[in-house]
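Dock chain to chain to rebuild the complex, using the hints, since each chain is given by itself in its own frame.
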Amino acid sequence: MKSKITKLSINGFEHIVLVNPDETLVFTLRERLNFTGTKKCCDEGTCGSCTILVDGIPVLGCLTPTVRCVGKTIITIEGISSKEDLHPVQKYLVKNGGLQCGFCTPGVVMTAIPFLDEHPNANREKIKEGLSGNLCRCTGYKKIIDAVENAGKELKV
Amino acid sequence: MEYYHIPSSVEETLSIADNYSGNYTYFAGGTDIQIYRKQKLDTHDHIIDLSRLDELKSITVNKDHLHLGAMTTLDDIISSDIINSNYPLISEAAKSVATPVIRKTATIGGNLLVNNRCIFYNQSKEWRDSIGSCLKDKGDICQVTGGNKSCYARNVSDTATALVALESEIIFLTPSGSIQKPLTELYLPCGIKSNELDEHSILTGITIPIKAEKWWYRKLRLRKTLDFTSLTVAATVDSDRIARICLNGVSMSPVLIKEALKSLTLESLIKQARKNCKTVENDLMPLKYRREMINVYLKECWETLH
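Sequence order for the protein chains is U and X. To convert, take the position in the first sequence, counting from 1, and add 1019; that gives our numbering. To convert, take the position in the second sequence, counting from 1, and add 6; that gives our numbering.
One chain only, chain X, in its complex shape (with noise of 0.2 angstroms):
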């Protein structure tokens, strides 16, 4: 088909990528894209499907490390018994995303690579025609922030929350070969561009290194289901005793607190976190809730870590 694309291999989806130089939308699960089609925020003419790269749908354990291919379903993911018995943060992180039957569709990468959302964005052509455009979208200024020139789009994606308190390691394919970095530095701390990912790679699986001898995982939204998520902490303790909490839904990208256990105290870790966090009023949870319940949450988390 002309316009909709259903590669077999990575390296057909890379050179049918090339073909049409940044005018394509790579559909994964597509169970979140297919909404910004729908509302006219994503009008690439050209589609890339990629639920036929089976090679990319994998759960494997290479010796220390957990290595989960970027087309693996939530679904796959909270069933898998490797997971459940060695990594029940990720399991519970995936858990908490969407709906049973959506986590059938969406994957992995695609939940990490979900767009940044705001409540001034995340709206029909019609709404966001009748308020004029933000920053994000077409116009020139937030309107989150009444005219400030930078965006704070939320990054809302609950398994990079795991995944960064898990100190993970993304590989992703590019032309020249495959490249391996943290997950940290794929996300920008920008509410319009969330991750550096180019239209000439594309990201192919997460290696996990660690497993945590605590954890902690809580996500605050308004419904038990469905909805994303307006905070989303997750923390792990390792066997060297070394602390990572990962805040998300706060800010443009999530946010890593990490420092050896005996050294933090709630209040150094509520102060970092309140720091690092850009909260603006951009969810239906009011700014002041959201904020208080970092605190809460925090309190909360370090009593599990103790």
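Just chain U, same shape as in the assembly (with noise of 0.2 angstroms):
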């Protein structure tokens, strides 16, 4: 299949990059932009690790074929704060020891802040429902949802 030059709105700013068009989002921000925050990890949809904003909602990077996201703003893990200050999902996953080897969390960081602005007043049991797509195997998940409620709380404040 022939390439084809494509541009990409990615955290405000404009890349022209060379894509074919049966490739996903996740390996073009990865492997041809260098946008290694987001993780790929099953590449079939399954472990949530890949999760992007496209125009506001969350997508999943291994799923989401790159032409389609033409003319449409992404935001990756790297757009989403700077260093000194984090998003208070970020924040609370920091606090709250909800990351261990990490890979799982750009994708957790991801999914949790648009479920946040759309259910702000989320109880355990929903936000437990709203991650049920990103899969973790070190913190036994009770951490991670622990951080996504006190991020709600002071979002909510």
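By construction, these hints were calculated from the structure, which means they are not laboratory data. Check before you lean on any hint, since a few could be wrong.
Under the rule of at most 35 angstroms between Cα atoms (straight-line distance), these lysine-lysine pairs were calculated in the DSBU-like manner [unchecked claim]: (1) U:Lys1059 / X:Lys46; (2) X:Lys44 / U:Lys1161; (3) X:Lys44 / U:Lys1162; (4) X:Lys101 / U:Lys1059; (5) X:Lys69 / U:Lys1147; (6) X:Lys264 / X:Lys281; (7) X:Lys110 / U:Lys1059; (8) U:Lys1110 / U:Lys1161; (9) U:Lys1023 / U:Lys1161.
With the C-beta cut set under 10 angstroms, the calculated list includes, among others, these residues of chain X facing chain U [as the list claims (entries may be wrong)]: (10) Arg58; (11) Ser85; (12) Ser86; (13) Pro106; (14) Ser269; (15) His312.
All of these numbers come straight from a predicted model, not from anything done at the bench. Built from N, CA and C at the ideal position, the CB exists for glycine as well.
Next up, the structure:
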């Protein structure tokens, strides 16, 4: 298949990149543009590690064709906050011990942020359901749920 | 782009499709078909991405009918007040599909036309090559049954189960015009070609005529999230006391049992279900367990319907 020059808007900057029509967004971001914050794990939509925001909606990078995102606003984990000023979800993940190896964390953050925007009053059960597509093999989930719950409380204030 | 087409109207879609005479794949949400492409189960040269067909993204109520555009995402269905208050069964079925993030991309039309699945087919290319191809792939025998000449891949559409139980009709557009027919007639009792939509037609919407007075829905799967179904049962009773019980995930197409509630007994319901379901050992859950669960679910369902 022939590659095509494609313009993508990622974290507020325009990127011009050569992509294959069959290529997925996570591949373009990691291999062509070096946005390695987004993790590629199962590559079949099972684990949620590659969650990215496209026009504010969380999508799985491993299932989204890159060319579908032309003209849309892409936000990756790199675009969520600066080093000094973490987003509350990130802050509480650190504070509550919601990460160990950290491989699932970008996906958790990118799922939790739009989830809390949509459900500011989400209870614990609802948070569990909202994050049910994110697999973590280290924490046993309790601390992740704690972190998202606390971040939700802070964001509401 | 030469190989990736993003049409902005249904007519444009059909004309692109017409140009490539079957050598294309439709991407609705693309959450399932993308995996088929990665596993080399789908090798068509052209991709027609339907994500910009905004005319097919609608939830409307006309008179007594609910109309869903084929490109409505499952998440839109779950968060729709009209559906939650009038058709909770549809919302419950949509909620049981995949994960919350996938549901934001996955569409109702895509879910209705989801490919039939089998543990000997939905595997990586290396896995399939090592064991020898099956009928649904490029081989000439069924690996599950050890040499049978027919394919038993299961229909795994959860929303189809609910929509069949609600006696829905589908609308599809062909070059000669729009056609409406019952959803049950879309499915073929065949694992390889699971529906009869041909390459010149496109599913545009679903119409749901009846409101259920009582309903019941349950999905059996290994985990509470993400997994495809091992057995889905949806049941409704309408105002005329007609029961419609639909089972899916246990046969090549949804199995519908429709009878007046007063003449139906639990024994005859189980008997009909067991007779019509072509269950074979093609799921992660053991066959014996799945068969037993048909009885369990139908018993639970029976208690609610009565």
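Consistency of the hints with the structure:
1. For the given pair, U:Lys1059 sits about 19 angstroms from X:Lys46 by alpha-carbon distance, which is consistent with the 35 angstroms threshold.
2. The straight-line distance between the Cα atoms of X:Lys44 and U:Lys1161 is roughly 33 angstroms, inside the 35 angstroms bound, and the hint therefore holds.
3. For a cut-off of 35 angstroms, the pair hint linking X:Lys44 to U:Lys1162 stands: about 34 angstroms separates their Cα positions.
4. Pair hint X:Lys101 plus U:Lys1059 holds up; C-alpha atoms about 26 angstroms apart against a cutoff of 35 angstroms.
5. Only pairs whose Cα atoms come within 35 angstroms are accepted, and X:Lys69 paired with U:Lys1147 is rejected, the gap being roughly 38 angstroms.
6. For the suggested pair X:Lys264 and X:Lys281, the alpha carbons sit about 14 angstroms apart, so the restraint of at most 35 angstroms is met.
7. At most 35 angstroms may separate the alpha-carbon atoms for a hinted pair to count; X:Lys110 and U:Lys1059 meet this at roughly 20 angstroms.
8. For the suggested pair U:Lys1110 and U:Lys1161, the alpha carbons sit about 16 angstroms apart, so the restraint of at most 35 angstroms is met.
9. Annotation: proposed proximity of U:Lys1023 to U:Lys1161 is violated, straight-line Cα distance about 44 angstroms (limit 35 angstroms).
10. Nearest Cβ of chain U to the Cβ of X:Arg58: about 9 angstroms, under the 10 angstroms cut. The hint holds.
11. At its closest, the beta carbon of X:Ser85 sits 9 angstroms from a beta carbon of chain U; the interface hint therefore holds under the 10 angstroms criterion.
12. For X:Ser86, the interface hint is violated, since its Cβ never comes within 10 angstroms of a Cβ in chain U; the closest pair sits about 14 angstroms apart.
13. Of the supplied interface hints, the one on X:Pro106 holds, with its beta-carbon coming within about 5 angstroms of a beta-carbon of chain U, less than 10 angstroms.
14. For X:Ser269, the suggested interface contact is broken, since its CB lies about 40 angstroms from the closest CB of chain U, more than 10 angstroms.
15. Given hint, X:His312 at the interface with chain U, is violated; its Cβ is 30 angstroms from that chain's nearest Cβ, farther than 10 angstroms.
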